[in-house]
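> Single-letter residue listing:
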Amino acid sequence: MSTAVLPLSSPVVRTVRRDPLPVQLGLTALALLAMGLFIVLPLVAVFVQAFAKGWEAYLAAVRSPETLSAIYLSLLTVGIAVPLNTLFGMAAAWAVTKFQFTGKNVLVTLIDIPFGVSPVIAGLIYVLVFGAQGWLGPWLSDHDIQIVFAVPGIILATTFVTFPFVARELISLMESQGTDEEEAALVLGATGWQMFWKITLPNIKWGLLYGVVLCTARALGEFGAVSVVSGHIRGETNTLPLHVEILYNEYNYSGAFAVASLLSVVAVISLALKKCLEYKTRQESP
Amino acid sequence: MQASFKRPSILPGFWPTFAYTSIYLVLIVLVPLSAIFFRTATSSWDHIWTVVTSPQVVASYRLSFGASIVAGLISVAVGFLVAWVLVRYEFPGKALVDALVDLPFALPTAVAGIALTSLYAENGWIGRYLAPLGIKVAFTPLGVIVALTFIGLPFVIRSVQPVLADADQELEEAASSLGATRWQIFTKVIFPLVRPALLTGFALAFARALGEYGSVIFIAGNLPMKTEITPLLIVTKLEQYDYAGATAIAAVLLITSFILLLGINVLQRRTRKFMEPA
Chain A
1 MSTAVLPLSS PVVRTVRRDP LPVQLGLTAL ALLAMGLFIV LPLVAVFVQA FAKGWEAYLA
61 AVRSPETLSA IYLSLLTVGI AVPLNTLFGM AAAWAVTKFQ FTGKNVLVTL IDIPFGVSPV
121 IAGLIYVLVF GAQGWLGPWL SDHDIQIVFA VPGIILATTF VTFPFVAREL ISLMESQGTD
181 EEEAALVLGA TGWQMFWKIT LPNIKWGLLY GVVLCTARAL GEFGAVSVVS GHIRGETNTL
241 PLHVEILYNE YNYSGAFAVA SLLSVVAVIS LALKKCLEYK TRQESP
Chain B
1 MQASFKRPSI LPGFWPTFAY TSIYLVLIVL VPLSAIFFRT ATSSWDHIWT VVTSPQVVAS
61 YRLSFGASIV AGLISVAVGF LVAWVLVRYE FPGKALVDAL VDLPFALPTA VAGIALTSLY
121 AENGWIGRYL APLGIKVAFT PLGVIVALTF IGLPFVIRSV QPVLADADQE LEEAASSLGA
181 TRWQIFTKVI FPLVRPALLT GFALAFARAL GEYGSVIFIA GNLPMKTEIT PLLIVTKLEQ
241 YDYAGATAIA AVLLITSFIL LLGINVLQRR TRKFMEPA
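Residue numbers (my numbering), protein chains in the order written: chain A, 1 to 286; chain B, 1 to 278.
The hints are all genuine.
Okay, the calculated beta carbon distance ranges per label pair:
1. B:W15 with A:L68: 37 to 47 Å
2. A:N105 with B:R195: 23 to 33 Å
3. B:V58 with A:E278: 35 to 45 Å
4. B:D166 with A:S141: 49 to 59 Å
5. B:T187 with A:D180: 43 to 53 Å
Treat the hints as calculated values from the structure; they're not laboratory data.
Note that this is a predicted model, so its numbers are computed, not measured.
All C-beta atoms in this analysis are idealised placements derived from N, C-alpha and C, irrespective of residue type, glycine included.
The shape of chain B in the complex, shown without the other chains (with noise of 0.2 Å):
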């Protein structure tokens, strides 16, 4: 039997470390989270579906959904431009970028969300100039997609560089020396090689933007009904001692984030397959 579940080797450790990953997992990742849905069966159905259909949550639900989509769209489309420059041009400080472009990852949710509130309140730097034209940004929706594209920008750029970056050269060759235009090249041969890659970004930007909490509640200003999202009803409803309504809403955020997940998987498996065969 152990054979059937182990290939044979002469490394030594498969046992120890094997066992230690597994019970570490069980422990603090896959335990813990069980908890939700135990916790959601507890209760009754009823019970469960008042609170995740309750309008303040369905507010929520659609602040969450459609700023998280508008900021990955947003993503995607700048993405695409900074990955298109980082990999095809060459200009003075293009490695200063490039590391910059990581910087949504390292910097702490809590510092970019009063950064950014700070830069688009109505005296900011950038909303100073958007007030006259009776643009509001913070404490609005588009204050939460500010924050979104912001956490969601790096995605799709590093999905899409390497992508760019190892399209093959002698295709775009052969579509020229055939008489193709540069827009033909670019919409006919470019464009549907990083599309994979766009999608992957877009999701996985996505599917982070719809469980952000800290870079997003400052900037959104959190009135009820109009710019509280999901995660931020969690909390409140927490902090009210109402563990099974933030349990049940929970539940709902998790299960739309690992059917995200498996999409993504298989978004991924299917790019890496498109990208062998070359």
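So that you can see chain A by itself, here it is in the shape it has in the complex (with noise of 0.2 Å):
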């Protein structure tokens, strides 16, 4: 087709949007190019790294004490971090979305602040409020309860940093979803119980999951924070990001990226989580 001169038909018009060929062709074949360079790359060396030394190494390196209490700990951590922001983020979104009251936005605001601050200054400000030196120090050392470099300041800083994913989330579809459904079961005679469990939870269900996957992700792999807090005793106050580094750092370059291969499958099936999960909300929502 020759570049209209005299724009009359409609199925000339309708080409504006497709831009030639060989610019579609070039600029994918750029985009592609970035997109390997930059981002699958890096993933895809994990693994070739990982496997370097062959199966055995890698066994080896999975299946080590130190590596296995890593697991442990990191799973002990999102089990605790992750239910916690859940139950939050529910009942954040309910009071914000489902009602309107001064200082709303001031909330909302609020919520968000743990995505600005970086993941360094998580951990410092829990070793500020509970470390040695730090407001409650001397109470809790006269107790003998140790929260910074130890399992407790782990959990907290990892609670901080995941802090806002599941109520960002939810009040992002809850708002969009409004309050007549929920008023009209009142107003049949359901209780408050029966109107969270039969219309509220299976609106906002798809959301919820995409919430909590976010937030696992993240409570799995966050680095600074833990690193700042964690004492960084091996098969103690290790989660596995922490263990990445220590095996890297001591030139144990196979081990590290056997155990990074451990996150890295989880990281892609997050991936796979949340796309599906996108098009499920997607699909219910007009």
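Join the two chains into one complex using the hints; note that each chain is given alone, in its own frame.
If you want it as structure tokens, here you go:
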């Protein structure tokens, strides 16, 4: 087709958005190259390096007691931080999206704060509160309780870093759903809990899961914040990302990449889940 | 008083959820965060000033801000290209590429850090082709830029994609029927539409890059005065039990981030206003 001199016939006009084929191919190739170089290659490198010394070395690194204890601590952290933030996210979204009150925007802005804080600072603030020189330090040491440089600190720092994930997803989803369905349920005689289980929860389930997936992925992979509050005690206060660092700094590259490959598999799974859930939410919302 | 604070509603559960939200927010986020400022306030102004303006710290600001700006600009250019291709063209595997855009969000930063270092080291897959050209990436400021670009790219792509997808087709058709060339349509119609989104993407990438730690420290090499980023100095001071120093630097970084976030909020509100009347 030649370029239109007289834009009278509609087919010509409709092709306005379509760039000439060479331009399309060229730009697509460039974009794919950029994505490949910047994003895909690092992921491939993790797996290639992990298996650089063969299956046996890989399995040995993954099955070592230190790796297993890091897996355990990471799962424990995720198991506490994610449910806490999920509960918080649901409460916050309910209060913020179903009611009108003064200072609502301030509350929403405050919830987003942890996104803007460097992970290193997220760790530092808990050291300032619970550390030996911190606000509660003397009291804690009198009672022989250790928070920072121990497991509770790791869980707290992870909770801080992943704080807004579920709340943010739910707030934007529930904002668009309004309050009509819940009000109808109440008018028809449902109790508060009936309304929640039969109306609200089914409406938000995919968005909720989506938030939980994002929250879990971040909680599992958090490095900076956890690194500051962890005592870096092998087998005790090492999460998986910290274990990767230790192995790497010991020049045990294949071991570091083997452990990193476990985290990468989880990352890829979370991406796939995320795509599925995005698809589901789009299907159900008009 | 209660009535003026909250508009009446028949829905239950406001007070329990509101109270829980507020208490949890105060306990987990606000009180610990305020420790930074209380702590800074307890040391003398002179001491704080000496810490935050010492040559090593100033060198780290230069690196952190400089690398974050450059990485943000690269992210804008590359991110716009990728968003454009993902929104406007069809090709096999498009859904997969779209899913992979979020990889830097999902991949733990420490994993990204060691992977990028292995790629760009002198004997790495990419580094070995750059070394003969005299380009060193790993353990130089260039490496910091590479890591921050990896982190920043999805912010730009995800900011631009929806705006580009929503851009009104009729505007382009009108421009075309009035005799505009493709390039004119791009520069005069499309680009002004996505400019606020590009700016938002840049600001988000920049804000994240300033505080980024895990993906950078491996590839940076952390040479004093040369490749030390500001968050690393906070960690270094902490490891030396210099709490006052660490806190002072953290306060500078935190205030900068908050100003940035405020700017992003204003930008996003403007973008939304811009999009709504259409």
